[in-house]
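Peer 1: So the chains spell out like this:
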Amino acid sequence: MSKIKCQCGHENPFGTVLCEACGRPLTEEAEKSQVVDMRYEGSARRSQTYNKSIIDKIWNFFSSVKVGVSIIVAVLVTSAIGTIFPQKLYAPVTSVNATDAEYLAYYEKTYSFFGTLYYKLGFYDMYNSWWFKILIGMLGTSIIIASVDRVVPLYKSLKKQRTKRHVSFMKRQRIFGEGKAADPDESLMKAEAALKEMKYNVKMEDGAILAEKNRFSRWGPYVNHTGLIIFLFGVLLRGIPGFYVDETMWIREGELRNVTGAPGYFLKSKDFKLETYTKEDANAVFGEALDRNGPIVKNFQTDVTLYKEKEGSLPGSEDLEYVKDYSIVVNKPLKFDGYNVFQMDYRLSELKSMTMQLIEKSTDKSFGEFTIELDDPKGTYELDNGAKVELLEYYADYDGIKDGEPVSKSPIPNNPAFIFKMTTPEKPKGEKSFVAIQQTLETEENAYKVKFVSADTRDISGFTIRKDKTLYILLLGGIIFMIGVIMGSYWNHRRIWIQKGADQQLLVAAHTNKNWFSLKKELNAVKDASELPAYMDRQDKESKDERQEGAES
Amino acid sequence: MGLANISATLLEISFIAYLVATAFFGGAVKGAKSEATYRNNKWGTIGISITIIGFLTHVGYFITRWIAGGHAPVSNMFEFTTAFGMMLVGAFILIFFLYRTPSLGLFALPIAILIIAYASMFPKEVTPLIPALQSHWLTIHVITAALGESILAISAVAGLIYLLKNIDMSKKSRQRFWIEFVMFVIMLVIGFVLSSSTFKLAGYEAEFDYIDKNDKPASITYNYPPLFGMNESVAKSPDTMKPWVELPAILNGKTLTTFVWSLFIGSILYVLLRLIVRKRLAEFVQPLAKRANSQLMDEIGYRSVLIGFPVFTLGALIFAMIWAHEAWSRFWGWDPKEVWALITWLFYAAFLHLRLSRGWEGKNSAWLAVIGFIIIMFNLIFVNFILAGLHSYAK
Ligand code: HEM
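Taken in sequence, the protein lines are chains D and V. Residue numbering for the first sequence follows the working numbering, starting at 1 and increasing by one per position. Residue numbering for the second sequence follows the working numbering, starting at 1 and increasing by one per position.
None of these hints come from the bench; they were simulated from the model. Do not rely on the hints blindly, as some may be mistaken.
[Stated by the list, open to error] Mimicking SDA-like on lysine to any residue, the simulated pairs with C-alpha atoms at most 25 Å apart in a straight line are: (1) D/LYS520 <-> V/ARG100; (2) V/LYS216 <-> D/ALA105; (3) D/LYS190 <-> D/PHE517; (4) D/LYS156 <-> V/HIS353.
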């Protein structure tokens, strides 16, 4: 496309609205307007210039702020809907690998019709849904295209701006004033000094002043958008295997286990501790709270030792090397080799072993005690006087009798039950007995009985293991975003133009991208210091009225 | 007298100081003819001085409570809300020195007063920290987030003034309806404070056993005569009122009871006031906003979003993510409170972008600022009580 040559001689790219150099309006529309749109200096933006090919159309779609805001609002509204009922992640569905039907049943039962609807529409797991991901993708696309569309022409145009602007440009600024000055040259000199005092970058040329400050703040939005894109990119990377590990593991006191998700590393749990605040040792001011709420947990922690497989050893050989001891506490994860192990959960007092004794029912005479390790129950326990107890069956989590057979719900010893065969010299053939907690079943009346003596328990710690190589990318994105918003929000780009007109006239115009109040304050100071003509803010009608009122009163 | 008591006394002093300062700002606005003449008037100067004294005692409350409890006092509903009120006043003081407009004080301080009164309805005891909260990030994250929210809230105050001044109250319109609705909501908050403190003074309590939504037995204490019962509830205290209806397990009868009582008392208050002043309440307070300069209010509304947005991002998102990663092993979990922080952030991002396109200044922008404040309050109140997830410390 052809370039547009302005009357001042500058060649502008096709699509320019205000001449990059002198600011003269180049389109009819700009010519007619009272106050020109200064947002991108009237520069030639691709999206405002081309609209033919399909690429142009897509470009224009995504570069529109209206579209961008619509996408933001769409994310906002759907996210809000996603908080009405708990997300899948937080739904208290018991089994670990719950099926879709179980989830549906949960939402249906708990929230009836709306729950079902919520499930069916996919809101119950919306943040992982394809449509939410597409929305975020569109947000990212829009940010990139809208930024590129604006930043390049804006940069060029700010670079090419000339000190002396055309009168038609000055007159179309929101802040503009003109009037006769006693000595225009003297005024210009004084204005230059005053502006420099206020840390403006002042250029004086050909009877005209351009004072500018904080141009860098114009790049704020583009910097912050870059940060956002880096952040979104980091999030995208988590889909790639190896960048991201997220596992959980349970470990019992005394147990040594491979760290789930971290091959070659082993953890041994030495001790799990749970402390609550007590009125005796807590700070006295907590007394009232403890009375009202009951006990409050103070700390839970697991003391562990970390081991590593020795270099060169065969996998699985358990030839281990000590790495370190650590106490994993909430808020203080164990860190090694990019992994973090978090204290997330605990279960207290899981049964570890049970001690029993064999007695003769009629006399209560004991043949001695034996201990069943629930992890690894032995077959036969030899007792005094030639008696022995054989463990025929073990049900870790006894759940009643189904079809004539006792059944176990899970391998976790929540409710252990046993079938014993008791043999003594008097009964060499042995007697069978079914023993569960608080319950003994016998097929025939037995002479002997296995009686519960005591149990040992241990605690279990629940850990989450994470490795996340993307965290630094996310953090970088966050930092760049912050730098960008701060640049763009706490500073603003201000320009003041002053120039001589025909016969003793002085023209003043000013522009800022935001915070007009402060700009006017500075302009007032310059005006007072150098006898500039009065100016008008074309958007503030009230102040003028008020000044008149103020003068009257 | 222990530190905790000194702390409570300091808070009371601030409360009174804000009340007195409001009166002086009222005098400043009333005594002047316009923005141009009231800017440096004597009443305004006294008003801001008393505000600063109140703010300092408020900070004193904060520090003494911090020392007494051994952790930053931002760990339960009372503490957080009180701190939010403090920062709101702080943000107002900052903006006042940038723009010197007493009108802002006349509206910002009553809102801060309401917020503190609201906070005082919650249990005030110092609570020890549960393990997840034992982190420096609690202090850093919550204080920064609250600071950001309070600066954003100033934009709503400026917006409210703008709307009160510029909406034509003599003609029926949607805007006139909604601004009156805002007044009504303010009456509801007062209704809550009045009813809650009345029943508290009377020492009312009713205890119930019920079955929660996960089919577990639980118990709950009502501080209001129960209108709505919990799921399968059984009264434990003798001679309490019998609830009208029992709610299904997913709804909280206690919360709804509190809400309906507040609605009831607030509505009576609203009707009474309307009968007394014989005007819409928005029209009644309109003269207080008349002196404000619209352009300036618009500018303050925008500027405070610009100042508050980066602070909010840092506190409510970035620090929050860092801490969530330390405490819960993931930086983001789509917990309702987290999602609502994101929604707030997206909302203000939309606000900023809408201002970039012309046409979203003045009234539109003022409405957006008011809506933003509603979202912040929603996150503080509604999300804590209704959508309670990991963050809920409303119990
Ligand atoms: C959550 C996502 C976004 C955030 C947090 C964000 C943040 C920002 C911020 C803080 C500004 C500066 C505003 C001001 O100074 O008043 C800005 C400007 C801007 N944003 Fe975004 N933005 C987001 C998404 C988008 C999208 C989707 C678009 C697409 C149209 C977009 C286009 C722009 C434009 C055109 C500017 C103005 C640039 C200028 O004035 O030179 N932004 N953005």
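Peer 1: Of the hints given before, which are not true for this structure?
Peer 2: none
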